[in-house]
Structure formats: structure tokens, C-alpha cells
Amino acid sequence: MEKTIEFPKKQVPGYFRYMLGDYEITSIYDGYMFIDTDLYCRQEKEKNREQLEKGFAETVAEDGKVFTKLPLTIHLINTKKDLILIDAGGGEGGLLGPYMGLSRENIILSGYKPEDVTKILLTHLHQDHLGGMVIDGKLIYPNADIYINQEELDFWLDEKNHHELLTNALEPYIRNNKVKSFRAGEEIDGIKTIGLPGHTPGHTGYEVSSNGDSILFWGDIVHDHEIQFANRDAALVFVDYDENIEIIEQEVETGKAALKMAVKNKKLIGASHLPFPGIGHVIENGAGGYHWIPVHYSVLD
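With the numbering used here applied, the sequence shown covers 23 to 323.
Note that these hints are calculated values from the structure, not bench results.
Among these hints, one or two may not hold up.
[What the hints assert, rightly or not] Simulated DEER-style distance windows between Cβ atoms:
(1) K91 <-> P35: 17 to 25 Å
(2) I267 <-> P164: 40 to 48 Å
(3) A83 <-> M23: 16 to 24 Å
(4) S203 <-> K31: 38 to 46 Å
[Said to hold, decoys possible] BS3-like, lysine-lysine: derived pairs with alpha carbons at most 27 Å apart:
(5) K91 <-> K69
(6) K76 <-> K282
(7) K102 <-> K182
(8) K69 <-> K278
(9) K288 <-> K214
(10) K102 <-> K214
(11) K282 <-> K67
(12) K202 <-> K182
Since we're looking at a predicted model, the values are computed, not measured.
The beta-carbon is built from N, C-alpha and C at its ideal position, and this holds for glycine as well.
Make the full structure from the sequences, and use the hints.
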């Protein structure tokens, strides 16, 4: 009888190390969610699908719609003085579907504990970026201070914009005096805060430097690189387009400026939604768009 070799069906642990000067960066995979490609506006739906197919993106068709996987990566920075987390993931318990919420598990697999984190710098207050801060009402990062752009905080704490996730994920930290605000351009212990408004009013990037090297964590400047590196006029929106044209225009212009800066300055980028580990460079592709050059896997000294 012929023997059957079963599939282990277990992926490698979802973390990746990268040295930036004297700092250690650990990219943490939170998982992926399915996004309706029709949510990309300012470009024909057929063009969205064509670009995804050209980029060999994984897609699923259902009820006449096409969905694509949107990965999510958060990043840990060990400065030897602090363990800093850039965003906190989508949260456990299926908040964003069955394939998200792996951050806590992967942080532990990487050799750290959630209790080790001393600061969390939030790029913005969407669910996939702060949902991972609590579980069952308890603080996952009890020793961390939470830093948020004041404009972002003011917008979402306004009663007309307030949503349930803020109550569940952020207010436990507010009650424990863990939330600190800043204005874009201020520094947080040597980390530059850079205003990148549009996706949300106080959407913020963080530039981290060590021993002559630097990286910009730019949050949601790009969601799907197959679409938005080919045409940065395309924007992923979760609001009514016609009623929010000015906001979406600002998001697009901010994204264009960030891409141009990344190319001109050969800036190392830490991204939330580009393929894991979400660290790399942007170059022009010679056809009016851009191309992503991920960092290479290597053994650390």
C-alpha cells in the first residue's frame, strides 16, 4: 500500500528581523483580510482587476464582486531603552475576519512579551491599527504609553465620529492615563512625527533614525501596491466618495508626495499593507508608476 505524506499545514512564524543602525526592528505579521476591489475609487473597476491580475495578486470572486487579500504588518523597534510598537494590529476574536489578529502570538514567538512594550505609536485610529490593544476588555500592553496625533484624537473622540472600537480599544488606556497626544512635527524621544493627512485627519508617519540609518513608517499611504503603484490616483475609501471628495483628494495628494519623497531620498519604508515584512524601498518603474523593492532575508550577526 502506497504511503501518503500529509501536509503539515503550518507556516513559519510571522516575524522578521532587520537591523537599523544600533536598533533592532522586528516586523510582526498580523494576518490578512479580504477587500472588495470596487472600494478603490478614481479608477475603473475593470482596471483595478486588470492590475491585480497583472501583479499575480490572490483574488476571490463572489456574487459578481472580486476580493483581494490585504496583508497587515506592524513593527517593533528595540532601542535598548524602549520597545516601541508601530500600530497594534486588527485584534483577536475575528474582529476583521478569521485570518487577522495574529500580532500577540507572533510577538511572543519573536522572543518578546506584550508586557515588554513601553510605547505604541499609532499612525491612525482605524480598526486594523488599534484593535489589537485589548482582549476581553483587558490591556494587552499594560506597560505601554499610547501616542496619537492630537488632530486624530480630536476627530475620533468627537461624538459624531466616535465608533464602538474606540470605546473597546482606546478608552481602557485613557482611563489608565496611558494616552498621550502630540502635534505633527514634534519628536517622541528622538522619533520624528510626520503629518500625512488624508486617509484620516491626523494620519501620521514616524521617522526612526539610528547611527546614520533611518526608516519611515508611513501607515496607510499605500494599501494595494498592484493598483496604487501603477496609479496613485486610485484610492481605497471606506466613506461615500461623492460626500468626501475633498478628503479623498487630500489622501491622494499626500500619497503622491510620499512616493516622490521616498524615491528622491532613497528612503527605507516600513509599510502596513505591503507584502510581509513590509520593509523596503520604492523606485520608479519607467512607465509613470512605481515598483517595490523588499529587503532581503539575511542572517543577523
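* Asked: Which hints from the list above does the structure break, by number from lowest to highest?
  -> 3 and 7
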